[in-house]
Structure formats: C-alpha cells, structure tokens
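**Q** Chains as they are written, first to last, in our numbering: chain A, 1 to 285; chain B, 1 to 285; chain C, 1 to 285; chain D, 1 to 285; chain E, 1 to 285; chain F, 1 to 285.
Hints listed in this document are in silico derivations from the structure and should not be mistaken for laboratory results. One or more of the hints may lead you astray.
Copies of one chain are not kept apart here, so a pair can be met inside one copy or by any two copies together.
[Stated by the list, open to error] Here are the computed lysine-lysine pairs in the DSS-like style, where the Cα-Cα straight-line distance is at most 27 Å:
#	residue 1	residue 2
1	Lys165	Lys273
2	Lys107	Lys256
3	Lys165	Lys256
4	Lys273	Lys227
5	Lys273	Lys256
6	Lys165	Lys246
7	Lys246	Lys256
8	Lys129	Lys165
9	Lys107	Lys51
10	Lys94	Lys256
11	Lys256	Lys227
12	Lys227	Lys94
13	Lys107	Lys273
14	Lys129	Lys227
15	Lys107	Lys129
16	Lys227	Lys246
17	Lys51	Lys165
18	Lys165	Lys227
There are 6 protein chains.
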Amino acid sequence: MAEEAGQPLDAAIVIGVDPLTLLASQAIVPIDHDELEIAGALQGRPLPVVKCLTSDIRVPADAEIVVEGRFLPNVRELEGPFGEFPQTYGSRSKREVMEVVAVTHRKDAIFHTMVGGGLEHLILGAVPKEATLLTHLRRNFPNVLDVHLSPGGTMRFHLFVKIRKTQEGQGKNIIMGAFAGSFDLKHVVVVDDDIDIHNPAEVELAIATRFQADRDLLIVSGSQGSKLDPSNSDGVGAKMGLDATKPLAAPEMHFKRIRVPGEEAIDVDDVIKRSGGDWRAALKS
Amino acid sequence: MAEEAGQPLDAAIVIGVDPLTLLASQAIVPIDHDELEIAGALQGRPLPVVKCLTSDIRVPADAEIVVEGRFLPNVRELEGPFGEFPQTYGSRSKREVMEVVAVTHRKDAIFHTMVGGGLEHLILGAVPKEATLLTHLRRNFPNVLDVHLSPGGTMRFHLFVKIRKTQEGQGKNIIMGAFAGSFDLKHVVVVDDDIDIHNPAEVELAIATRFQADRDLLIVSGSQGSKLDPSNSDGVGAKMGLDATKPLAAPEMHFKRIRVPGEEAIDVDDVIKRSGGDWRAALKS
Amino acid sequence: MAEEAGQPLDAAIVIGVDPLTLLASQAIVPIDHDELEIAGALQGRPLPVVKCLTSDIRVPADAEIVVEGRFLPNVRELEGPFGEFPQTYGSRSKREVMEVVAVTHRKDAIFHTMVGGGLEHLILGAVPKEATLLTHLRRNFPNVLDVHLSPGGTMRFHLFVKIRKTQEGQGKNIIMGAFAGSFDLKHVVVVDDDIDIHNPAEVELAIATRFQADRDLLIVSGSQGSKLDPSNSDGVGAKMGLDATKPLAAPEMHFKRIRVPGEEAIDVDDVIKRSGGDWRAALKS
Amino acid sequence: MAEEAGQPLDAAIVIGVDPLTLLASQAIVPIDHDELEIAGALQGRPLPVVKCLTSDIRVPADAEIVVEGRFLPNVRELEGPFGEFPQTYGSRSKREVMEVVAVTHRKDAIFHTMVGGGLEHLILGAVPKEATLLTHLRRNFPNVLDVHLSPGGTMRFHLFVKIRKTQEGQGKNIIMGAFAGSFDLKHVVVVDDDIDIHNPAEVELAIATRFQADRDLLIVSGSQGSKLDPSNSDGVGAKMGLDATKPLAAPEMHFKRIRVPGEEAIDVDDVIKRSGGDWRAALKS
Amino acid sequence: MAEEAGQPLDAAIVIGVDPLTLLASQAIVPIDHDELEIAGALQGRPLPVVKCLTSDIRVPADAEIVVEGRFLPNVRELEGPFGEFPQTYGSRSKREVMEVVAVTHRKDAIFHTMVGGGLEHLILGAVPKEATLLTHLRRNFPNVLDVHLSPGGTMRFHLFVKIRKTQEGQGKNIIMGAFAGSFDLKHVVVVDDDIDIHNPAEVELAIATRFQADRDLLIVSGSQGSKLDPSNSDGVGAKMGLDATKPLAAPEMHFKRIRVPGEEAIDVDDVIKRSGGDWRAALKS
Amino acid sequence: MAEEAGQPLDAAIVIGVDPLTLLASQAIVPIDHDELEIAGALQGRPLPVVKCLTSDIRVPADAEIVVEGRFLPNVRELEGPFGEFPQTYGSRSKREVMEVVAVTHRKDAIFHTMVGGGLEHLILGAVPKEATLLTHLRRNFPNVLDVHLSPGGTMRFHLFVKIRKTQEGQGKNIIMGAFAGSFDLKHVVVVDDDIDIHNPAEVELAIATRFQADRDLLIVSGSQGSKLDPSNSDGVGAKMGLDATKPLAAPEMHFKRIRVPGEEAIDVDDVIKRSGGDWRAALKS
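All chains, full assembly: derive it from the sequences and hints.
**A** Below you can see the structure in the form of structure tokens.
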C-alpha cells in the first residue's frame, strides 16, 4: 500500500532475540495480527518492547541488534542466491531494497545468524508445520496419533505419520490427506503405533518389513510440489506415499517385534557397578 | 447406556414432517445436540413440538403419524435386506427391536415413505455432505469454488469439483484432498470454472476435451472405500481421480468454447412471436 | 482433377432442405455415389431436383436458397477459425475459394444455419456413426446390443456400449473393438444389459457401483486420436476404456437394482385424479 | 436334433483325403453348407463322391479309409487328454460315442494321422484364420498390408502385422483391432513394410531396434483369451501388443537398413563358376 | 553322512570368543575349509586351539565355555521361535538334537549371548555381505564407490550404493545389479559421490531433493526375496529401487549443497575458549 | 601417448586371416596383452608371425594382405557412416587418419571383407559375449544352464536364458542379473530347461504359453542402453524382461509338451527304405 502511494515504508530488522520470540516470528497469522503477542503467549508473560529511534515500530527490548530503515518504493535489486531449506541454493531474483537509517545494539552485542538450510532454520519452520498437519489430518482421521517432518527430508518434504489402524486401506487415504495438507510434501510414510516416528531407523524398519512396493505404494505424477525442489519441473512433479502398516488380519506372531522378556526390569547401573567398574566411559574415549 | 443398565429405552418414530425438519434430521451433530433445534433454525422460527402420550419425548406437532414404543434391552432380530444408496440391497443383519406401545396420527394422515436409493433418499444425505466437503477442501485450497455429488454417482461416490486453477499440478492435489475428506468418495473429477458442475454433460465435456488418461489420471488401489460399494472387497478398493482442467499455459483460443456473438441479446419470445406462432408447444406433443 | 487441368469447378451450395436430405448429405459413400439418391431412399420416393441456372448441377427442388458458383483453380485463402464438434475452435487454414455467379431462392426464404458444435451439428454426424460402430462391433461380438455416442462426449469422443456378457474378460476385448472402429473415439464404457445407455446417469451409476479402477480400466497411450481434440498432441494421445459390467459369478442379490414390488402396476394418472387434482402442473411453474 | 428324438445319428469318418479337401474341412460355414462343395471349389472341379454302404452319407471317392457308424443318443464317455494347438494337452471331458458298423478302404490304404499340435494341425487352422484377420483389419485400416500367425506362437496366439504407417499412433489402434478380431490372440506385433513378417528373425529385429518398452507397449489385463492357454486363468488373462514401427518423423538415415550397393546385380552362380568350383556342396556335407 | 550311516556326529559349541574369531565364524566358505584358519588370518597369527575332552574337535584355547556333545542320528525336535534379523520371530520347525556329554569352562566364565535381530547379530552378518556386494557390483560397474547395508533395513534388506555417475541411466542398471547380487535385498538406493551413505539422513536428503517417483523408481513385483520378510508371500514379493542421483546435465548451481565459505578453517575449540568457557558440557546435562 | 609426444604411431592392417585368429582379435583383454597369443592358444600351437617391412610390428605370416602405415598425430577426418550391428548406419564422426606407406600381399590374394551388421560380424562379437554373460550369471545363479544372443536381436540386444527353476520369483532376479551384465542388453527372456534357446521358435512358444504380460514382465525405463540402438535417446531407454517359466506348483500335465510315445524308437531311414524309395530328395527339388 505504501508503495502504491509512492511512500517509503518504515521497517526494522531485529537480530538476536530469545528462542520463543524467534519461533513466534514464524507463526502464520493474518496480516493484522502481531507476532509479538504470540511471543508473549509462548513465554507466559508480555514481551517487553521498546520503540525504534526513527519510527514508531516496537521491537523486543532485549534484542541484541536492531537495524532501522525504510523500504524504498519501486526500487528492486538482484539478491541471492541464498541457501534454502532443501540445502541447495534458490535462484537469484529482484527484491525490495531497504535503506538503513540507524543501527542500535546492546553492549558486546552477539550477531545471531542462521545458516540457510541448517538445522536451526529447518526446525523453526517445522514446529508450526507439524502442528498444522497433525490438526489437519485428525479432522478426518482421528486415529492419526502423531506426525513428524524428518530432518533427512529437509523438514519440509518428508512426513512420517503414526496411526492406530482400524480399517484396511486406511493408510492410502491418510497419505492423500497428508499431501492435501501441504503441497510442499513430497514423500509420506504411514506406520503403526508401535513405531517411533522420531527415529528414522524405526520408520525404515517398518518399510523394510511391512511394505510391498507393488501393493502399498501410491505414486502421484504431475502434482503441485515445492518450487524449491531442484528435482521437479518448476514446482510440478511426483509425490510418493508408502503405507508401511501391518495388515489387520495378520497373525499376532507374524509381525511381533523381538524383545527379551524381563528386559525392562534390569537396572543397568547396578549391573555395571557389580561388574567392577564403568566400562562405558572407556567406550566413549 | 440403557441397555447396559438392563432398561428398555423410550423412543418415537415420526412419519410425515415438513422437508426442512426432514433435512435437519440428517445433520451430523454431537449426541447432546437436538436436531429439532436445527429444524427450527432452518425454518427461522421455533418448531412447534408436543410430548408423546407414553413418554417425555417431544415430537413435531404437525407430524402425520407418531409411533411410540421402547427398545428392548439385549434383543436383536434379523432385518433387511434394505435398498441402499448405491441402488442395490445391503446385507441382512441383526438389529435392535422396538416394542410399539402407541400410535397417534392426524386425521386422514399421509404415510410418507421413502424408497431406499431413490432421489429423495440420496438428496437428504447429499446436502450436508456437499457442504462439509466444500468447507473441508477450501481450508487447504481456497480456489475451490464449488462441489457436487452427482446423482449418477449415487450422490455418495462421485464428486465434481470446480476450481479456479492458479498453479499447474493443483488438480491432482485437490483430488487427494477430496478423497481424504470422505472415504465414501470413489471417483473425483476436477474442472475449470467455466464448467457447470451441476450439469453432468458439461463435466463429461471437460473429460472429453481437456483430459488425457495417461497424464491427468490418479488411480489409488487398496484404499478404504464404502462397504456398500458392491464392486469392492469389503470396503477396500480402488479410487480414481480425473484432472480435467486446461493447462494454464494453453493459448487462449485453444480451449475456448464456442459461442455465437450477440446470443445473449436475443429475446427468444420476441423471435417466436414475430415468426407467427409458438411452435414450441407443438414440439412437446 | 479440374484444378490439375487448370479449370474452374462448377459448384452449388444449398441452404435450407428437409431434415432427411440433410442427414443424407452426411452419409460416407464412394465419390461416384450420389447423396441425393440416399436422400430419396430415406424418404421413400425420388427427391425432386432441378438444374442450376449456370451449370448442370442438380439441386433439391424445395431448397430455400441455392448459391451457384465455381471453385477457382490454384487459389487458396485463409478461412476460419470455425466452431468444431469438440465445441472449441479449430485452427485457421488456407482453403479453396468459390466465386459466386448466381443466387436463387424461394420467396421469403429461410436461411438455415447451424451452429458449429451445436446439437444439430453433432446429431447429424452421430446418427450414421452409431450405426457403423454397432455393425462393426457385432461382426466380432454378436452379444453387443446397442451403442451410443453421448452428447457429453461431443457425440464423437465417448461411446457407451451395452452388452449381454457371456464370458469374463469380454468387456476389455469389446473396448478394443470400439477403439479400432473409429480413431476419433477416446473413452469407451461397456455396461450390462440392464443399463440404459441413452441415459448418462445410468452409465455413471454402472461406473460408480460395478467398476474398480485398478482392475477394469484400459489405458492406451500414444494412440491415434482426433486432431480436433485440443488436449492431445496433433492427433496422438491417450484412450481410456472402462469395463463397468458385473462379474458373471456374482451372487444374484449382490448387484440387484432396487425396485418396489408392484410398481409397474400403478396407474399414476389414476392416483393423481383420486388425490384431488394434478399437482404436477404446479411443480413445473 | 436326433438325440432329442431319441434316435441314433448316422455318421462317417473319412481318413486320408487330398490336402485341399482336408483344408476345406476346416472352413467355418453355416450348418446347412457342405464343406465338400468348398473342396470342389478349391480344386476347380466337382469332388468325386460315393455313398456310404450303410447310410446315404456321401464321402470323397478317393478316400483311403471310411469308418461308418452312428452316434448313440444320450451316451457319453470320457475321452482324452488330446494334444492341442498350444502343444500341450487339453483336459479330459465326456463326449459323444460313435458305434462303428462298417469300415471300407482302398487297397493298401494309407492311414493318415495328424499329431495334435504338430505343424500340419496348426497350418490347417491358420490358413483360414489369417485370411479372416486380414479382411477384418483392412476394413478399418486399409494400410494393413499383411498378417501372419507365427509358428512359434502356435499359429493361434501370436500375430505379426505389416503396415504402411501413415499417422503417428496408428500402431496401437491396429493392435486393438487385431485383439478385437480374435480372442485367441495374445500377443500382436506391428511392423513397417520393409519387414518380412514371415521371417520371425525380421520381426525380432524390428522389436530390437524400433521399439521402446515404456512407450510402444500395450498391456491389457483381465481380457478374454483362449481357454487352451495353460498360463491364463480359465480363459481370462493378459494380452500384449508391441508397436515396432519407426516414427514417421525420423531422419531417413536413422533407421535405414544396411545394404551393399550393387548387391542385387551380382550373379552368384557366375561368381562361383569363375572361382573354380562349387564350394557350396562341400559346406553342406 | 554320519546320519546316513546311522552314527552320531561329534560336535562342540563354543561360547565366548574374541570378536575376530566370532566374525570369522560367519565367513561363507566351502565345507572343507576351516573357519579357525580365517580367524587366525584376521588376527595375524595362528589361533591357539585345544582338543575337546571327549572328541578330536579343536576349539579356541581362550573360549569361555565349551559344550561337547553329539548329534543323534534321525532325531528331530521342534525348536523356536527365535528372533531373526528382520527383528521379528521366524516360524518354529523340527531340527536336529545334540546330546551333551561334557561342559568345560574358564574360571568365572562369561556367558556371551547375542539377542536375535540385535545390532551385534546384524553386524556380524553384514560385514561379509557388504564386501561381497561391493566386489560383485564393481565387476560390471567400476564406478561404484561404496555400498552400505543400513541398520534401519535390518542390514539385509536395504542397500545404499554410492557411485560416480558417468552416463545417464546408469542408476537403474546398478539397482538391477544389486538385486541380482543378493535375493535378500528388497530396497536399493543409488546416490552420488557427495552423499555419505553411512549417514541415513544424507541418503534421505538425496531422495528428498534428487529423486522423482515417476521417473527414477524401479518396481519389480513377483521376484525372489527373503523368506524371513514377514510382508511377502513365502519369499516371493516386490523389490523397489530408487535412483537418487543428479542428472549429469544439470547446471552446477542447481543441486549444489550449501556450505559456509571458510567453515573448514574454523577451530571450534579456540572459538569456545575465547568465548569464555565450554558451554557444550552444559548442553549435555 | 604417441600423439601427446607429437609422434606418428606405426600401425598395420591385416586383411584375410584364418577364423580363429579373427575371433581372437575380438577378445577383450588389457592393453598389454597380445591378441596373437590368444589366437595361438585357440589353435593349440604358436601362430607363425613375421615382421612388417617398415616397422617392428608382427603380423600373421599367412595373412592375405598387410597394409602398413602410421597414424598421424592430431589429424582427424570425418568417416562413415558405417553399417553397425543393429543393421543400421551409425553417425559420422571425426576419426584418426593413417598414412599408408607399404602394402604387401600373397600371390592372388583374397580380399576378405565383412559386411557391417552381417552374420559374420555379429557372430564374431557374440561368441565372447555369450561366454562372459554365462559366467557372470552363474556366479549368483548357479541354476542358469545356458544363454544365447539371438540373431533376430542383432546378437547384442536380445538374450535368451535357460534355467532350472528352483524357487518362485527367480526369473525376475535373473533378468535383472542379465541386464546388469551388459548395458547393451535390451530384452531378456528366461525359459525352463525343456526349451531349446538356440531355436527362436521354441522361445516364442514359451512366451506364447507360459507367460502373462501383467504378471511376468519387467519394464525398466530410463536405463543405460546402447548408443547404437536407433530407438532410444542417446543411449538412455527402456529395457524389458520376460519370465516365461512355468510355475513350480503347476500340475504336471498342465504344461506338459506333446510327444508321441515311442517316437524316439523309430528308425526313419528304415521306414523310408521299406516304403520303396527316398521321397525326401524329391521334396528338396
């Protein structure tokens, strides 16, 4: 709106805030909501704020550095390439230009940066996305227990879904529900409730032992994906879903996972003490 | 709860009410909601009710016939087969038994019955389902404009979706969204916003001229479907989605539908009058 | 031949003839046959004809308007785009040019035009095509009972085939037979003999309740189709066939369609009379 | 008819006739036609016949052996298993019984037998089938030049089709036409007109160098096939068609077959004579 | 042989040996080779052995426990179910019976057991298998750099292959080579040489960003797999291969992985020291 | 190396040698091996050689013609197109140039040429390839009995494999093994041990009667093939494998091939003699 009126737009860049404020900054809310209120809600008390020197914009009072400035109307410069969440570089493009008019900072201020595609970057975006996807899926599938955007899948492209299966065929329906929930999703794996979806090796185990590629796979070509996926064609590509759940009708022993009877009753510390010393320290060196 | 306590449960069957009350009876609401209030809301004024003769159950005051009775605890008898919405017969099964204790009715009461699988049966269920599916789809796809459960698809199995396409590949994502919205859905067709989805011939035209079966089709085998579909295997079967939208990049004339310039300015009645008589009546005889 | 000899070719365009003559004009016959004789055969008596004023060409005596002229050798002008049967516009192309030398007409002549892609256009072509396809199919499949080129399928692209199934698997063979019968066909549906193929909702019902997309579908990519299908690639594209017949081995009740016992004995007019008035008229207004 | 009247039916088995009469016996004609007349037509003169000793049945006068007898009404005995054309044995089944009443024969008569599944058996059936399939295909595809039921395909299951390709995609349409022409056909290969379809190695060469399995293959599952194919399921199984034609748009040299310029002008006999002797005889020993 | 002669067969079970001897026991060698020699080779010096008390069998001199006995001819008892490598239980079956005649052990002997399907079990088998598969693949594909049987794939079912790609299409050929190398393999992923195949998250990243399911996937149904895979049908099932390599023709930046310029020059310990203390310890607690 | 040093490289072209020496010239051996030694090994005695007139290069003493010369450094001229094994012409390309300095020959020397793509060309390459592929396959599949590169498949693209099947599913694994053995292979057929793989009609019979295209086929798209296959895209294309083996569980009679009991005991010569003359000679003329 400012640009249409030929006016510069006041702005401030805040560098170095506490983690909850950082997380709040990623919440997807309507334009008339204030992410600083969300930050306050997450912390359980109002976030202390101060006004900028050169504008009325409020910024967190504890920020390490604040860069004040204004976006120039109708000015664009080429920026990038920047590292993106797929851990590759996005394309360069012409973007808005901010003219800096003031910089304030704490004494011995820490410059907090984040590497594009690094774990910090990925997690900040994944936390609200997982919550949104879980809520979305449970509306139609109340037997969805949990979801996880795996780090190996850049926390955007791969979703693991844990369900308590109640009807044969459900896995495929839930895969479609997940893909409908975010076009960024490219691969979805649905597993039973005895699988820890936060442990990629457990999900891989379910694929290895409960999945048949000609029966339990859903491939969708020509669908909308992320424009940041370097392997698709300008955002159009294939999706793949794997139903790695056991058949409901399988005999109990058929898919039963091995456990040593009584293993939960063992006090490992006691065993080590009685064996005459802690050899675990030695293993670590 | 009554059955667990070994008690009979008072009940009343109401035959012959106004259409809005009938429609309200199909709303899917939590168990502690009263469908009669929904009927009142639909009619814009409270629904007049009276108490039954043999229990405290309230029934519409204008009902043609009211059958009062009580469900007997732990009694089941074989019923059916009844006609179901796929216009075939469901299987027989053991169901609860109601003992009738009184029947009241208006003078010259009309016995309103509904043929299972008939249009009246189908529409009563389809109205709330279409609303639910549209709301469900628009949460993730705000460019979905309308949905229709077609009569030819038993108003349960076939969904037509009209969208304003904004990104290539979107059709497939929306197809998955629809299937995730109701496991009853078996076939979904997505069309552009120049197609009237309430006219099956228009949807068929989109399939005939904008769809390529090796590119725009999504087939999902081994998914959860309706147990009333006689062609699947106990509720597990295949789904099929067709993306019959035009490519965004197509030249404007390529898919342009024929129209006669000026046709909307013609006054058909005037043309007929000036041609010396109404030959349309003759055509009908 | 005239063009090769550098001669103009006499021609006449006839506008406004009776429907049977119009239909006869669409018959596909060898070049030395005269469509006017077919028109006579359809009407059961010789068609009255007269000679043109400027050439020996015979035209129907009752025609509203006759445009006489001659095709100029080796002259071509760009024409179109015209509306075509897929209800889109074909491409422009250079075509022959006729020089008009005389126009004759009846008094108060009616100019009969036909909108390209309109129902009149479609039916004129569909009538002989349905007959040809039925004959073609029955040569190898005598149990084919009827075929229909549906309006929704532009009466060129979609064929519905009704059969009395005698051997499992037959539907797929008949689908192939249909595709071999006309390269224009793009989608074919085969149904049982209890389905009315002239009612698209009945065909859709068969697809909804007797068809499984991973078992009863035939997709043929890279085949010859119509160059007027805007969705294929210069006449090469995909075809799709659906076998929506019941399995021969299905239990009788499994696919039995609902009917109300005794419904055929009801005299609806009598019921209405006895109910005190015809409410049907009211429904229509 | 005789059996329904409780009467025995006179019959004669003729063993040892000339090849044209044998071939005529395989013609598929209506029940009131006489295959002996076809035999006469094939030979260009009436076939000499004589009456049987014990009935009015006419048999070829030159037959080696004639077994006269009568089919007993309502008597069936288990027969077989016999060798069938797939070169495997069919199932045993109960069939009619003929009581022998007389045997006549020429002096030093030759007993002509045919091994089931042998080449003599296969060719007798294949000759009329090839003619029928060629006629069938040319009705819709006048550019089909020749067909061949290959010996390796038991002269029933494999058809090679030679075409002069005029439009891209045509091969797939012709494959469907062939499958529609005989449900016995299981695999069809379409080749260009520079391939000798009576030489299986040439057809194999076309598959090796002009075919891509993910583009030029048509697979049809769940179709009607031969009940004598031991690999399908009671006559229901898969068909496969290969379009091994060159693309029309390929550069001329791309698929050009090697030839030595001038090779057709060489007189091999002269070359051999001048080289001082015929070494070909030596090669054969 | 002993059993055929009706003789018992002397045997000894050794419990508790050094790891190299344990590994040597898993080598797959002809029956006339002695695994103890392999153990010696691995250790770089002959393995000290002693004779059993009740037979001439040699056992490692340092073993914790030795159970001596003899297999009884023609005696079988039901054993199991035991935990197997897929981390499920195999079926029970009748197996040979050993009669124990003596047990010797070291003072304070340690009873070394291994949990079926545990990591110790898996690694013992995986070490020789990885070596065999790498050798096998490099015979035909010298550009295969490394292979890994991932723990998540039970170290039997999932193989990750690292290659230096030299020709487009190679990934699919190498996938087939891997499946041909061991019928136990069920899923194979091929990646480029910038991926660490011993880090499952890196392999997952390659799948997330370099793979398209409708282009880079190979599915093989009805192939021979492991009879211990609980999801297949008695050892017959599907295999799946993923080619997650970059196209050779991709622009350099398109798939370039993010790195911070100069990151390899940073001395983390120095950074920490200068920052006034090691906060890493705090993070761990 | 010579070229890098700017030196010409002495060379000799030998035309007209005995067949074993010709075959030896095709052996694929390391660069420091001498094919002439292999020729000697094949013949069982050292091959007599002589030095060239203009260099130290040894050539077979019995060669018909020897062309001596030297390759010029850094000189390339366009050559071709030549006939290649697919029996089409390869592309033209710039290749090294040899300057001829001397030609020696036997008296009345025979100029031995070979037509590119002719049988002589194909067999020379196929003999070592078949041996290599058989060895390669038997390493993992000891039940592979024989392989054959069929002439119809240009002796490079089509491999027939004969196995003694021991486990269901094995055919698919062996197909993958073959494709991994040579990227030139495009189509592979696996058959049982009662099929003669050197007779293409027998392999075709196995496909006709033991194969189902939707169950026994493996299609691999986007794999590495031969750059000389004119139907693929610069060496990247599809492969197809057919498992034409019988199911192990089939009843014995189901796939049993027809034979006439006692046929192996017939002495055809004796039959002919007793029939009064050898009519076989007559058949040949």
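**Q** Could you run down the list of hints and mark each one as holding or not?
**A** Now the hints, each set against the structure:
1. Lys165 with Lys273: neither (43 Å within a copy, 53 Å between copies)
2. Lys107 with Lys256: neither (60 Å within a copy, 38 Å between copies)
3. Lys165 with Lys256: within (16 Å within a copy, 33 Å between copies)
4. Lys273 with Lys227: neither (56 Å within a copy, 42 Å between copies)
5. Lys273 with Lys256: Cα proximity of Lys273 and Lys256: none, with 33 Å in one copy and 50 Å across.
6. Lys165 with Lys246: Only inside one copy: Lys165 and Lys246 sit 9 Å apart there, 31 Å across copies, limit 27 Å.
7. Lys246 with Lys256: within (10 Å within a copy, 35 Å between copies)
8. Lys129 with Lys165: Classified as both; 23 Å inside a copy, 24 Å across copies.
9. Lys107 with Lys51: Within one copy only: 18 Å inside a chain, 78 Å across chains, cut-off 27 Å.
10. Lys94 with Lys256: Close across copies (21 Å), not inside one copy (57 Å); limit 27 Å.
11. Lys256 with Lys227: Answer is between; shortest inter-copy Cα gap is 16 Å, intra-copy 42 Å.
12. Lys227 with Lys94: Close inside one copy (17 Å), not across copies (42 Å); limit 27 Å.
13. Lys107 with Lys273: So Lys107 and Lys273 pass the 27 Å test across copies only (20 Å; inside, 50 Å).
14. Lys129 with Lys227: Answer is within; shortest intra-copy Cα gap is 18 Å, inter-copy 34 Å.
15. Lys107 with Lys129: Classified as neither: same-chain Cα gap 36 Å, cross-chain 60 Å, threshold 27 Å.
16. Lys227 with Lys246: between (34 Å within a copy, 17 Å between copies)
17. Lys51 with Lys165: neither (53 Å within a copy, 43 Å between copies)
18. Lys165 with Lys227: between (33 Å within a copy, 17 Å between copies)
Of the hints listed earlier, those the structure fails to meet are numbers 1, 2, 4, 5, 15 and 17, in rising order.
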